[in-house]
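J.: This is what each chain is made of:
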Amino acid sequence: MEVLGPDRVTDGSAARRLYSRDGSVIEGGRAGPVCFPETTGEVVGCVQAARAHGRAFVPRGAGTGLTGGSVPCDDPVMIVTTRMNQILEVDRGRRVAWVEPGVVNLDLAHHLAGSGLHFAPDPSSQQACTIGGNVANNSGGPHCLAYGVTSAHVAAVEVVLSDGTVVVLGEEQGDSVGLDLRGAFVGGEGTLGVATKIAVRLTQDPPKVATLLLDFVEVADAATTVSAIIAAGVLPAALELMDRRVVEAVEPFVHAGYPLDAAAVLIVELDGLPGGVAHEVGLVTRIGSQGGARTVRLAADDAERDRIWKGRKSAFGAIANIRPDYYLHDTVIPRTKLAGVLDEVYAIAERHDLLVMNVFHAGDGNLHPLLLFDSREPGVMERVLAAGEEIVRASLAAGGVLSGEHGIGLEKRRFMSLQFSPEDLAAQDALRRAFDPDGIANPLKVLPTGASCGDVNALDVVPDGVWV
Amino acid sequence: MIARSSTTGRIGLRDDALSACVSCGLCLPHCPTYRATGDERRSPRGRIALMRIVESGLAEPNAEWLAAMDTCIQCRGCEPACPSGVPFGELMADTQAFNSGTRRLPLRLRLGLRVLGRPQMLRLGTRLLALAQRMGFFRSSGFLPGRLPLRLPRRPAPAEVDVVLFTGCVMDTWTPHVHDAAQRVLEATGARVGRSGTAAGCCGALHVHAGLREEARSLAHRVMAALPGDQQVLADSAGCGAMLKEYGDLLGTEEAHAFSARVADVHEWLVERLDRLTPVGGRSEPVIIQDPCHLRHVQRVDGAMRAVLAPFVPVVELDDEGLCCGAGGAFAVLQPDLAAKVRDQKVAAIDRAVARSGAAVVVSANPGCSFYLGAAGYQVRHPLEVVAEGLAATGGQEMTDGN
Amino acid sequence: MNALDTFRDAVGESGAVCVRGGGTRWAVGGLPRPGTREVVAPSGVKRHDPAEMIVSVGAGTPLGDLREVLRPTGQETTLDGPDGCTVGGVLAVGHSSLRRARVGALTDALLEANCVGANGRTFTAGGPTVKNVTGYDLCRLLVGSLGTLALMGEVLLRTRPAPEHAMWLEGEVEPDEVAAACYRPSCVLWDGTTTSVCLEGYQVDVVEEVSILRRLGFREVGGSPVLPPFRARWAGNVPEGAVLEIGTGVLHQPLPADLPLVDPAVARLAGRVKVSFDPTGRLNPGRDPYREAA
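Protein chains in written order, with our numbering: chain A, 50 to 517; chain B, 3 to 405; chain C, 1298 to 1591.
Here chain A stands alone, though its shape is the one from the complex (with noise of 0.2 Å):
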């Protein structure tokens, strides 16, 4: 390929396989060349030299996806946007922030750190994913019940199309002009292109936070209370809920001063003008205990609300101390049956004999058990992906959705029919024609087709003909 210096292409083995991955537990992809692109430019060389060779190609950031959306199958081009990294323009007046694809989220909150200004998307992944794959996957995290998913902060976007053309979709500013492109494309889980730049929209720092703890002796509590603040008119800035275990695991690490004999604690973090917060933080208190919470401490200081979120967001961390590897689900369910739906995780759990653990966004119903496991235990992992069907049947049961902010990549294609009738999903499927009619981006990724995906089994068990 003469598209790229040689030290920005390889063949080699190592690359290939490094590249295979991404941050889910999904082995057996296959990768091809691996190409760090700099420039758009490069990008449509990069496409131009798959389709000359017959290929299809992965777009792929930093790898931290959990449901192997950008797990190759069958040696395509890999694209890795990370040398794409640059934050090209911050305009503070209009809101809005050009960045390249490559640029990592947390990077992007430090350099705007002072401005008055932040990007609201804030997955758990935000130290090391990447904007363009917050992009693709229209990633959530705790900050997005009140402010959206990143689809709501991406004003436009520039793309290259699998034929190899650019196109701007979206606006700096206002809505779309013709048909929201833009939207389509955001979540496309790179099936519709390479995104190679990004107009964020950027929101103002609230002027006051107050960030809440509150604990319970019983989950169903807590889980009603959840309901009972967003009833009562509060739409907080993030509500997020973890359970004894996570408690037990984070709290020796974290001295966030989590009560240990709770049985789940809320994190409830209200922002806006000084009179309306103070306002809700009644409200919310008076719901909590009302809902059973035993105690509702408001945070004193920022050191004190620093600690209940790193509580919060060291929990993976602390659980890997329990065993050493996780599966982490993430479904959505309407966040009234929260309480029934977390009674049935833990029976699935307990029935399969796993560990498992809740930490996850209560506030808009987005679930995320974890299983915990030990590989190395012969069985173990069919017990796993047993476990995780159950959850996801039970969510579905529930009026819920496969993903509320990991998407589907491959792990979850299997389930898609469950979600979706036929004509549903060919619905999805004419829009992914439509910006990939020869089908080369990213290819057996989201949609279920009944074809396999390199040597990935055991997450890919469609029988042929489900749908199409």
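A hint or two may mislead.
SDA-like, lysine to any residue: derived pairs with alpha carbons at most 20 Å apart [to be verified]:
| # | chain 1 | residue 1 | chain 2 | residue 2 |
| --- | --- | --- | --- | --- |
| 1 | A | 246 | C | 1563 |
| 2 | A | 359 | A | 300 |
| 3 | A | 359 | B | 82 |
| 4 | A | 362 | A | 300 |
| 5 | C | 1343 | A | 448 |
None of these hints come from the bench; they were simulated from the model.
Assemble chains B and C onto chain A, guided by the hints.
T.: Positioned in the frame of chain A, the structure of chains B and C alone reads:
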């Protein structure tokens, strides 16, 4: 390095250590070589995955594989970032020990490491280099100090001391003024200070990095033999301090663990005795803090360094979360291109701090970082040089060493 | 047979067809080609669940009716439009509310849509929860598509707490000063001389910010200024008689705007999307989302 719970494979890595990595990728932004390249092969997650395939016999080490390992600076910036607590330093040291058994290291590295272990040779070589420097034969190369000392003082170790300052190899010969400053500060607390001197010699850290574990072990034995007793051993070089603290793991003996327990970084020791240090007061120019990796990520005493500096000088923080500067012991010599890219990131961070604060001086508690950043054009000083200058003249209560 | 099935049967499997809502913005993007059959989407609020912050509603429901149902619960949607408009019409036209800074973009409002496709069969876009990244985001694609890709029958919308208090002010002050003085005002308008501001939220906060704006020279007024009828995209100046939405770049002006210039590559992509969803071009023929300036 620790007594193995189990090793299953070719390299002999500890199974628990290897399986602790769940490939989440949170280490990526904390790895200076991944930052500079965006390449998984230059990342902790990638290197662990590659260790795994050789360990389990799925592949043979080839040039691409070895390059992935050799481009690791071993800064261990990934360790504090890892939610699963993967002991990356151990995995990489074990891997390099395995590699050193399968190939010959570059001649210049072997020669260089041999000299470090022989104080007389180092002193002689240094005098020759210093002469050559003054005669204009070569410019500073980036891993030597800008001006090597021509005369090297010899000091007798005092018989009765409270603490021993570990003086090591290159620092003792190339930048003895740093040890002098450290000693002044230590003595200002009222302590009687001895020096490890040439009898103890080199700590062996660079040998471990290069995978020469046997050589490192023999150096460790010499250090321990030269420093009997139970006084605390204080290191003013972050890299040496980290190594001395790991002798227990390196040698696996009771005696070595006991020795390691005596070791503290100078700042770690001083922070307990801050009340005995009186600043002369008045305004002083701010300094930019550069955290040596082995101070921040390995010894994790960067807080102590700040606490010691704070009464003496306003400090300016970098905004790069302790990313490595690229020096990495012999790394800047062995991987000059990559090291320079890594240093570019540090230079950008320092320049941002300079623009923000107007500070002109960078402080760093590690000789390698100091030389390498000095070669990039910064005025780099040891934190204790700054503290020593800021000490009130009456600070020293019991001067025991007449130097 | 439920309302959606009735709608499906009315749409049928062939023949040009369009949906009539309130007809308040019937000409946006072009009139339906003569001879196009008109159908009407189901009407009525099916379910409102305040604790879930969602409401399920027939696309043919007048927006005013939806507001009446939501008002007692203290919630609202981001949908906004002229008197007599319908929920489906607002979504098809795709113009965000003037209060977008508070309530969010219209494209973020639609969670799930039960549609009839060009093949005459029903399909569902999106999902029933407030957060969802399952599959492709067809909902955002449908908003503003003028019914050219599929016809919405029933929709599930995000709701949110309505403000306790609202206040409009105006003053001969540069709009930049408002941005510096206030926290996320719901709307800032500028006609080249006068800035109009909408503040919404808890009364205590609104009162406080009103007093700040008064000191800058603002006075309280009864409501939003009357906006001229046509929309354009701001190109750097505010013509006589026009009003600019600060932060969105939407210009409301007395005369129709020139059609936007669309990058041919984007137009080709949009064309492929249209053909992919509606190969025979039977849905709202004559209408084109790109024939609308902003």
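J.: Are the Cα atoms of residue 359/A and residue 82/B separated by 20 Å or less?
T.: holds, 14 Å
J.: Hinted pair, alpha-carbon criterion (20 Å max): residue 362/A, residue 300/A. Please report holds or violated.
T.: holds, 12 Å
J.: Do the alpha carbons of residue 246/A and residue 1563/C lie within 20 Å of each other, as the hint requires?
T.: Satisfied, since the Cα-Cα distance of roughly 16 Å is no more than 20 Å.
J.: Given the hint that residue 1343/C pairs with residue 448/A, does the C-alpha gap stay at or below 20 Å?
T.: Distance of about 16 Å is within 20 Å: holds.
J.: Residue 359/A and residue 300/A: Cα distance at most 20 Å?
T.: holds, 10 Å
When each numbered hint is compared with the structure, no violation occurs for any of them.
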